[in-house]
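Novice: Residue numbers (this note's numbering), protein chains in the order written: chain W, 3 to 245; chain V, 48 to 301.
Just to be clear, a hint being listed does not mean it is correct.
Stated by the list, open to error - If we take Cβ atoms under 10 Å as the criterion, some of the chain V residues that face chain W in the derived model are:
(1) C257
(2) R258
(3) G259
(4) R263
(5) S269
(6) F270
(7) V272
Said to hold, decoys possible - Calculated Cβ distances over 10 Å to all of chain V for the following chain W residues:
(8) G49
(9) G71
(10) R87
(11) S152
(12) I216
As the list claims (entries may be wrong) - A few chain V residues that don't get close to chain W, going by computed Cβ distances all over 10 Å:
(13) P65
(14) L74
(15) L123
(16) L127
(17) T229
(18) L267
(19) P297
Everything labelled a hint here was simulated from the structure, so no lab data went into it.
Note that the Cβ used here is the ideal one computed from N, Cα and C, for glycine as well.
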Amino acid sequence: MMHAFTPPRIPALIRLDGINFGYAGRRPILDSLDFQLHPGERVGLLGPNGSGKTTLFHIIMGLMRPQSGTIELFGKQVVKEKEFREFYSRIGLLFQDADDQLFSPTVLEDVAFGPLNLGKSKQEAVDIARKTLAELGLDGFEDRITHKLSGGEKRLVSLATVLAMDPEVLLLDEPSTGLDTRTKQTLVDVLGRMNLSYIIISHEGDFMEEVADIIYTMEEGRLNRAEYIHSHVHAHPHAGHDH
Amino acid sequence: MIREPFAGGDSAVHRMDPRVRIFFATLFSVVTALSYRFSSLTAALLLSLFLTAAARLNILAVLRRLAVVWGFLVFLWLILPLTFGGEVLYRFGPLAFSRPGVILAAQITLKSHAILLALIALVATMNSATLGYVLDFFHLPPKLVYLLLLTYRYIFVIEQEYMRLSRAARLRSFQPRTRLHTYRTYAYLVGMLFVRAAARADRVYKAMRCRGFQGRIYCLHSFAVTRPDWIWTGLLGAWIVCLAVLEWSPAPLF
Chain W
3 MMHAFTPPRI
13 PALIRLDGIN
23 FGYAGRRPIL
33 DSLDFQLHPG
43 ERVGLLGPNG
53 SGKTTLFHII
63 MGLMRPQSGT
73 IELFGKQVVK
83 EKEFREFYSR
93 IGLLFQDADD
103 QLFSPTVLED
113 VAFGPLNLGK
123 SKQEAVDIAR
133 KTLAELGLDG
143 FEDRITHKLS
153 GGEKRLVSLA
163 TVLAMDPEVL
173 LLDEPSTGLD
183 TRTKQTLVDV
193 LGRMNLSYII
203 ISHEGDFMEE
213 VADIIYTMEE
223 GRLNRAEYIH
233 SHVHAHPHAG
243 HDH
Chain V
48 MIREPFAGGD
58 SAVHRMDPRV
68 RIFFATLFSV
78 VTALSYRFSS
88 LTAALLLSLF
98 LTAAARLNIL
108 AVLRRLAVVW
118 GFLVFLWLIL
128 PLTFGGEVLY
138 RFGPLAFSRP
148 GVILAAQITL
158 KSHAILLALI
168 ALVATMNSAT
178 LGYVLDFFHL
188 PPKLVYLLLL
198 TYRYIFVIEQ
208 EYMRLSRAAR
218 LRSFQPRTRL
228 HTYRTYAYLV
238 GMLFVRAAAR
248 ADRVYKAMRC
258 RGFQGRIYCL
268 HSFAVTRPDW
278 IWTGLLGAWI
288 VCLAVLEWSP
298 APLF
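Chain V on its own, in the form it takes in the complex (with noise of 0.2 Å):
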């Protein structure tokens, strides 16, 4: 379920205010999401690579989430180029590679792990509860981050009941094999946990009750900000700035 492998470290990256880090997420997402030219999509990466080392993950744990974004490259890459039309790069055979078709992959590629990068930097390194936090704070509907915070909260404890339940099948010799009582068992253990939730949730809600709720849940994680903030605040902007510059100026600089 959701294991958090990243929001543990005590690095800078980590150290940096949430409101911060959620903030320039959201802008480099979407100025890299709009970019085409390699110039901009190159310093976006660089910035990404650079978020990435200063928050000192796990490398082979931000590979094993890179690689979930490789399968559907791949897929691009043997497509793209066959498919896209155009100017004929290379023939081999009967197959012709067009460029226009891998210029785009590779804008993909690039702005793909742009993107994952730095969010894996910048958002993955927070916990649930405080991304919950951070959306209150930017005004997010309250329903939203409620629906958020309370996932957060009890998708560990369905997690449980699922363990539970399959554990016991397994005590008592089931093997999951292609067959209908196979599936059945399935069956039977998913509607039992459907069961159990909603029976979970009446008790919740019957608890809330008994301590006055009335419809308003309350968030008060306050947040500081520190001098190192305003640093990567004024980095973190600049560098942006720069992105934006590479891609929308007239005539491209490199």
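Isolated chain W, as found in the complex (with noise of 0.2 Å):
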């Protein structure tokens, strides 16, 4: 007797079936859509504004509740807040704004936040903290004021008080917009050397092309996988080859 190979099912890390989002009396935001991340994946999300990416995102943290659908964070079907809680430490969502995402008083604050959330020590917070701030090129902003960063500064410091958490998963919602060149050079600089699954959503075609390696477009409350269009330029280290 043969039996049909089956390939041991590897969990997507956030699967969507049939998402219905939508406000009474309008077109619907978002309409049946499926959706997959697996691991090492780095989506890009292009679409325009209004067009439910953000949406998307607050639905797969809980943060909205779809009208009908289902979400899978890695695996494990859920419905409830309480069900999602588990997985903010796994799943980190960097929001667009920096001024809502930094709310106490000085840098090494926010950014211990999560970690004292998860239940680490004063001390380990405070390491974690300093840690992550030194990965992103922000050691001694520890007691910086946070409204008194500048507007770059802000986001980086945002994406430190994500990675503080350690997920494995990140939803970035308009990381670039209104960084400098050097900041978004550290952006795509960090993203690049963290072994992370994201999805990222932008504007900037150039950055996209740097930072993703599948890139969906939100159109009518779908996502539809756009054409490869990921044109990899390798730099090499060593000058031209001689043939």
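Work from the hints to combine the two standalone chains into their complex.
Specialist: And the structure:
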């Protein structure tokens, strides 16, 4: 007897099936949307303003509830807020406006906030926060007052607050918007260095090309995988080969 | 909004442990507020002047802060001597200036200056975040502490949003006048500010939830007491004991 070979099922990190979301009397924002994010994938999300990209992120995090459809995180179906809560440490959401994310008076406290909520001791949380800041090139920012940071600094500190929770998946809502070239480069470097799966919303084509392998476009409440547009040019450290 | 003009210095007072400053500012205010003898009030004012000088603050900025109180004091000096009654100090036509009224006005003037200067020198020289940590250290209700810290954090954001809105109005040739259009525009502006603040609060709360917020905020600030702090503690403590002795000794010492 031959058994059909079934490969072991590796659960998707995020799996959405038939998600519907909308407000009464208006066109649905998400219309039976399906989506999967697999380990190691770096997904870019394009779409006009108001097309529901941010809503999609909030639904994945359980901040908004779809009218119908199922959400699976790491192979487990989640419905209630309490069930989402246990995934907050594994999926990090970077908000569009850094002022929404940074609420503590000082940078160190904000970055340590997540680890403290995960039950780390104060000393552990402070160590994690310092390490995360250092990884982003933000050493010495610990005692800075958050509202006095520049726009780019706020964005990077926001990223630090998310990374400090040691997530496996990142959801980045327009992280490059309004950043100068240097800060944008730091962001590209960090995303390349971290071994994370992520979904990234951006309107900037060149930035997207550098950080995403797969591009989806959001149209009429659904995600369409775009044609392969990734034209990654590898910059060789060695000068041209002579043949 | 919150400018914190005094928080940035590097004087002996600025370096003093914030807990020492808050503790003595509170104690000093209570003792001074309860004092009536001119000996203790003068001594209190002397301490305040000394602290203000030691904090090396911009004198103009300090005077500007005091000016707020002078408005009330002028009013008191006009009203109290004329209405208090009792022994007449001076008569001017039909007006009688009462001695107890003048004394009371003088006491209030001394008290308010002493307390206000002490608060400027000791409390206004730290930023609001530090103040929050100190209140947390002294075990004030956590909700009040978070309210202070979150207000401090977001009042700037709200101010920015207000500036953005009013700039947008000005750029479209809005000029405030006494007319309905102006009132309506301001009403829209304020209404918009509330709407935005509510939306902002919702997003901030969501962001906090995503980071595992379960109703607790943590203060990480750690204080360190140094040698000068002990000297200050001794000095301020001794002076306040003197104030109390001057005020509550059975017979006036001076």
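Novice: With reference to the structure, classify each hint as holding or not holding.
Specialist: Hints versus structure:
{"no.": "1", "hint": "C257", "verdict": "5 Å, holds"}
{"no.": "2", "hint": "R258", "verdict": "4 Å, holds"}
{"no.": "3", "hint": "G259", "verdict": "3 Å, holds"}
{"no.": "4", "hint": "R263", "verdict": "8 Å, holds"}
{"no.": "5", "hint": "S269", "verdict": "9 Å, holds"}
{"no.": "6", "hint": "F270", "verdict": "14 Å, violated"}
{"no.": "7", "hint": "V272", "verdict": "19 Å, violated"}
{"no.": "8", "hint": "G49", "verdict": "20 Å, holds"}
{"no.": "9", "hint": "G71", "verdict": "20 Å, holds"}
{"no.": "10", "hint": "R87", "verdict": "7 Å, violated"}
{"no.": "11", "hint": "S152", "verdict": "13 Å, holds"}
{"no.": "12", "hint": "I216", "verdict": "24 Å, holds"}
{"no.": "13", "hint": "P65", "verdict": "13 Å, holds"}
{"no.": "14", "hint": "L74", "verdict": "26 Å, holds"}
{"no.": "15", "hint": "L123", "verdict": "38 Å, holds"}
{"no.": "16", "hint": "L127", "verdict": "43 Å, holds"}
{"no.": "17", "hint": "T229", "verdict": "30 Å, holds"}
{"no.": "18", "hint": "L267", "verdict": "5 Å, violated"}
{"no.": "19", "hint": "P297", "verdict": "48 Å, holds"}
Checked against the numbered hints given earlier, this structure breaks hints 6, 7, 10, 18; the rest are met.
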